[in-house]
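Chains as they are written, first to last, in our numbering: chain A, 1 to 371; chain B, 372 to 524.
Note that these hints are calculated values from the structure, not bench results.
Because the structure is a prediction, the values reported are computed rather than measured.
Everything hinted at is true.
To give a feel for the contact side, a few chain B residues facing chain A, derived at Cβ under 8 Å:
#  : residue
1  : ASP414
2  : ASN415
3  : THR416
4  : VAL426
5  : ASN433
6  : MET436
7  : PHE437
8  : ALA439
9  : SER440
10 : ALA446
11 : ALA448
12 : THR449
13 : ILE451
14 : ARG453
15 : ALA475
C-beta atoms are modelled at their ideal positions from N, C-alpha and C, and glycine is treated no differently.
Here are the chains, one letter per residue:
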Amino acid sequence: MAPGSSTINRKRVVALKKYLLKGNEAIAEAAIKAGCRLFFGYPITPSTEIIEYMAKHLPAVDGSFVQAESEVSAINMCYGAAGAGVRVMTASSSPGMSLMQEGLSYIAANELPVVLVNIVRAGPGLGGLGPSQADYFQATKGGGHGDYRLIVLAPNSVQELVDLTRDAFDLADMHRNPVLLIADGILGQMMEPVVFKELEAPSLPDKTWATTGAEGRPRNIITSYALQNEIGEANCLRWEAKYKNIAATEQRWEQYMIDDADYVVVAYGTTARIAKAAVQQARQEGIKVGLLRPVTLWPFPVKAFAALGGKVKGYLTVELSAGQMIEDVRLAINCAVPVHLCNRQGGMVPSPEEVLARFKEVFPNSVEGGV
Amino acid sequence: MAKIIFKKPEALTDKQNHYCPGCTHGVIHRLVAEVIDDMGIRDNTVGVCPVGCSVFAYDYFNVDMFQASHGRAPAVATGIKRCLPDRMVFTYQGDGDLASIGSAEIVHAAARGEKISTIFVNNAIYGMTGGQMAPTTLPVRRQPPAPGVEIGN
Ligand SMILES: Cc1ncc(C[n+]2csc(CCOP(=O)(O)OP(=O)(O)O)c2C)c(N)n1
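Okay, chain A solo, but in the shape it has when bound (with noise of 0.2 Å):
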């Protein structure tokens, strides 16, 4: 079990069939297997084999999906489709996400439960369709207007896109929050062999607060609008004690080789993969370097940078962006020690002996008899 905490802690009952399934498709079947019975989404590659596969399967499960006009009009379906209490999905790719932030914005005001997939492309602009990680910043910091947060999970193979899309959509149900799946055209487009998990359903609060007509209750509204300045306040201290608690209870990370060593290489998603290699190449050399993996970007795991104390000399992110993460960590370690960047852009992606070569760049000293 990976460290970290969840407020899901499901029992595994049984392992079922393997399939070969590629990433998107493979999002798009665990989402149906979540109880999705709404899917509106607008057309972009590198996504589009979700949108494609929920068009397909969503009817045989009485489900509707709907081709929007645009990511504006998804989003604001998801949004509708949640306050009818309804679990419902969208995906789209950078460009699409910026158009979708405003509806976000109202959907995280309204503490609605909607699941999210950006299979990031290379931006700015139209950019291009090769992997990035460029919209970290967008995922975690906001990109709508207002005070808000994603829950934002970062799977690295198509296994966790699986998982970590079921938990999505438990996620957004118990925080009555939306959750993003972040992820790239190299996961979103590569197959590896899946299970589906058949596993406990946690218990997750009823939907007393939907929009599906007042029979037998008083009424229910939806609304962010507050012109009271006192009422404004009050939300926004009730979303940010929320935000705390999902902070402090749904970190979660991943950690290789990290109980000796003196440097530590972060890194999510694709680059994660990528990262693993070149520390188990560092080892072989002799040299005393793990991986921390968040697999949460917000939360960001910090429980996972304090745990490894004062110990760690330096650290090294690798990012497909002009190095966005690289923030969280000099945040998470107070800048104590060193953190460098080893980065890619516009679609390319590091090979692992590249960043071996940065990191022995940056951390000279790491290497035995090295100055």
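Using the hints, position chain B with the ligand against chain A.
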């Protein structure tokens, strides 16, 4: 004994409305509420109110209400109706909301044949933000201050 021949509809709350005299939102709210009463669907209705003067419609319609962002009410209503096909789902939108920022949402909800109802209130201006021109503003000649200014077109 006195016989009640006229009363406030059940589908309206007791809250006094904030609308300016003569704007007609109050009258239109009442007409919508009377229809909801006549159809006996107060418990079965979800209303979506927009951004605009009628943003507070959720305070006045005594049904489950949902506040949408500017122009997006038909998309929100689509989401609700697709989940709850047996409920009456309506949007209540101004002309800035429906015909300007939300023109795509309303056109495509209609093109898809969404089973929602839309109350479109055209006051030919952006009321809430102070009377700016909307796409619905007619080309009329404003009299003084001279010289006359063409608006619209
Ligand atoms: C995205 C966004 N843009 C602009 C506004 C500011 N705004 C509030 S009401 C309004 C005009 C509404 O006009 P209309 O739909 O005609 O309704 P009325 O107020 O006339 O009833 C605008 C532009 C906003 N709230 N959100």
